[in-house]
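J.: For this one, chain A is given, so just place chain B on it according to the hints.
Here's the letter readout for the chains.
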Amino acid sequence: MEQKEVLVLEDLLGSNNKIAAEIRAKLTGRGILPINLMSSPGSGKTTLLERLSEHLHPKYKMAVIEGDIETERDAERIRAKGIPAWQITTGGACHLEAKMVGRLFPKIPPDLNFLFIENVGNLVCPASYDLGESIRCLLLSTPEGDDKPKKYPKAFTTADCLVITKSDLVPPLPFNIERAQQEAREMNPSLQHFVTSAVRDTGIDTLAAYLIAQLERIRHPNA
Amino acid sequence: MHELSIIANLFKILEEKSAEKNAVQITAVYLKVGVLSGAVPELLQTSFDMYKKDTLASRAVLHTERVPLKTECEDCQAVTTKDDFIFICSRCGSSRLKTLSGTELLLEKIDMDVE
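Sequence lines, in order, name chains A and B.
Read in order, the letters of the first sequence are residues 29 to 251 in the numbering used here.
Read in order, the letters of the second sequence are residues -4 to 110 in the numbering used here.
Looking at chain B on its own, in the form it has when it is part of the complex:
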């Protein structure tokens, strides 16, 4: 369970951004969580709810968008959304696949009330 450590880092960024924008309250936080990010949305949610108490985000809602694994074959250029983790092109059998998305763990945006 390393999600708490990720959320602790998220709150560092939230603090910076809310100071920068003079926020009085954070109302929503949007994350993009790749299926190969190594983080579990449910545990991020639990950690967020634990962490947010007594912060500007105490009433904020966390939205996590699960991002599927998408690859592009460097030989036949086929772009595939994968529901397994097999890095072999399902069209031409090549193993030269480039990952387009699915490994990210991003803070996408923050909704806040500002002065």
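Here chain A stands alone, though its shape is the one from the complex:
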């Protein structure tokens, strides 16, 4: 018997990243923009999707993959809007992984424009998993406080856009929108910023326009 040192240098998230890259290539190849929505629980991901559907549907076809630990509740809310939705219940896991999204692949209609993947409510673990998205969209609601970006470095440094939700609650909430955006900008200078209120339907149109522009980019990559 001898002792041996085996050099490996393998990414521990490599198998997830490989599946994610395949998902992204397949979806964008069909002209579908995949969007990963990440936030804390209760920051308004499902409500934002309900509102976005009013701005996108029926001109654009969208579908939603809902990730939760338990229940079909979010998928039911989206279906009530006439939007196809599939629920992934992780049964305890704190994040979605690419293989869970991959399993739903046969169900995804080919003529879709937007595929939203609503991650499990959590700003920590989901940030480490590429799901095959083209756009990683982070939500931060005003009740959570404006000091969050520095507390969740992985999420804020890997996002493409930051949507501040529930802006109608400022005031009375002391959330400083400029402060939160500035802190996030320092961590991620190319981050795109949006401020929305689903209750008042403000800012959702700007976010929809951004997503449509991103869709055009993947449909006409050389334009």
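If you are wondering where the hints come from, they were derived from the structure by calculation, not from laboratory data.
No experiment lies behind these values; they were computed from the predicted model shown.
Please note that a few of the clues may not be correct.
Claimed, not checked - Restraint-style ranges between C-beta atoms, simulated for each label pair:
1. 54/B <-> 70/A: 29 to 35 Å
2. 35/A <-> 48/B: 22 to 28 Å
3. 205/A <-> 35/B: 26 to 32 Å
4. 217/A <-> 103/B: 44 to 50 Å
5. 70/A <-> 73/B: 37 to 43 Å
To be verified - For lysine-lysine, the following DSS-like pairs were computed, each having C-alpha atoms within a straight-line distance of at most 27 Å:
6. 65/B <-> 135/A
7. 48/B <-> 16/B
8. 12/B <-> 127/A
9. 65/B <-> 48/B
10. 7/B <-> 176/A
11. 47/B <-> 179/A
12. 89/A <-> 7/B
13. 77/B <-> 178/A
14. 32/A <-> 16/B
15. 179/A <-> 54/A
16. 65/B <-> 47/B
17. 47/B <-> 178/A
18. 104/B <-> 176/A
19. 179/A <-> 27/B
20. 77/B <-> 176/A
21. 93/B <-> 179/A
22. 48/B <-> 176/A
23. 104/B <-> 135/A
24. 47/B <-> 104/B
25. 104/B <-> 46/A
26. 32/A <-> 48/B
27. 127/A <-> 27/B
28. 32/A <-> 7/B
29. 32/A <-> 65/B
30. 7/B <-> 178/A
31. 93/B <-> 65/B
32. 46/A <-> 12/B
33. 16/B <-> 178/A
34. 32/A <-> 47/B
Think of the CB as a built atom: it goes at the ideal place given N, C-alpha and C, for glycine as much as any other residue.
T.: For chain B alone, kept in the frame of chain A given last:
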């Protein structure tokens, strides 16, 4: 806590490598854990110790090396080790920074006893 899921994946790689090399025992496993990898070394350690029972690595020690965030400015070429997550060049103020290290989560090497 997604570290258990990461460790489960690590053990898949360990199984492959030990079969490939005819290992009878794994004695040490070395990981590189970037400060921006999203994984916590202490939790990787706990998960590893939980997972290793009844495997070839049951007596293995896990070593985690914390890798700091290092960036290079694309404008002034300054290479900086950052103790914050501010992606602005501390020398020239540019926001065009390239990440050199600190986001990785790597299995670097395995020590094993082979036949």
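J.: Given the hint that residue 65/B pairs with residue 135/A, test it: the Cα-Cα distance must not exceed 27 Å.
T.: violated, 42 Å
J.: Are the Cα positions of residue 48/B and residue 16/B separated by 27 Å at most?
T.: holds, 21 Å
J.: Quick one, are residue 12/B and residue 127/A close enough, alpha carbons at most 27 Å?
T.: At roughly 23 Å apart (the allowed maximum being 27 Å), residue 127/A and residue 12/B satisfy the hint.
J.: Would the hint linking residue 65/B and residue 48/B be met if the CA-CA limit is 27 Å?
T.: Outside the cut-off at roughly 36 Å; violated.
J.: With the threshold set at 27 Å, check whether the alpha-carbon distance from residue 104/B to residue 135/A stays at or below it.
T.: Not satisfied, since the Cα-Cα distance of roughly 40 Å exceeds 27 Å.
J.: I want to verify a distance hint. Is the separation of the beta carbons of residue 217/A and residue 103/B within 44 to 50 Å?
T.: With Cβ atoms ~31 Å apart, the hint is violated.
J.: Compare the distance between the alpha carbons of residue 32/A and residue 16/B with 27 Å, and conclude whether the hinted pair is satisfied.
T.: Judged against 27 Å, a Cα distance of about 9 Å means the pair holds.
J.: Next pair to validate is residue 77/B with residue 178/A; report whether the Cα-Cα distance is within 27 Å.
T.: holds, 14 Å
J.: Under the criterion that the straight-line Cα-Cα distance not exceed 27 Å, is the pair residue 89/A, residue 7/B satisfied?
T.: violated, 39 Å
J.: Taking only the CA atoms, is the gap from residue 7/B to residue 178/A under or equal to 27 Å?
T.: violated, 34 Å
J.: Would the pair residue 7/B and residue 176/A pass a check requiring their Cα atoms to be no farther apart than 27 Å?
T.: Measuring from Cα to Cα gives roughly 35 Å; hence the hint is violated.
J.: Next pair to validate is residue 16/B with residue 178/A; report whether the Cα-Cα distance is within 27 Å.
T.: violated, 44 Å
Checked against the numbered hints listed earlier, the structure breaks hints 1, 4, 6, 9, 10, 11, 12, 15, 16, 17, 18, 22, 23, 29, 30 and 33; every other hint is satisfied.
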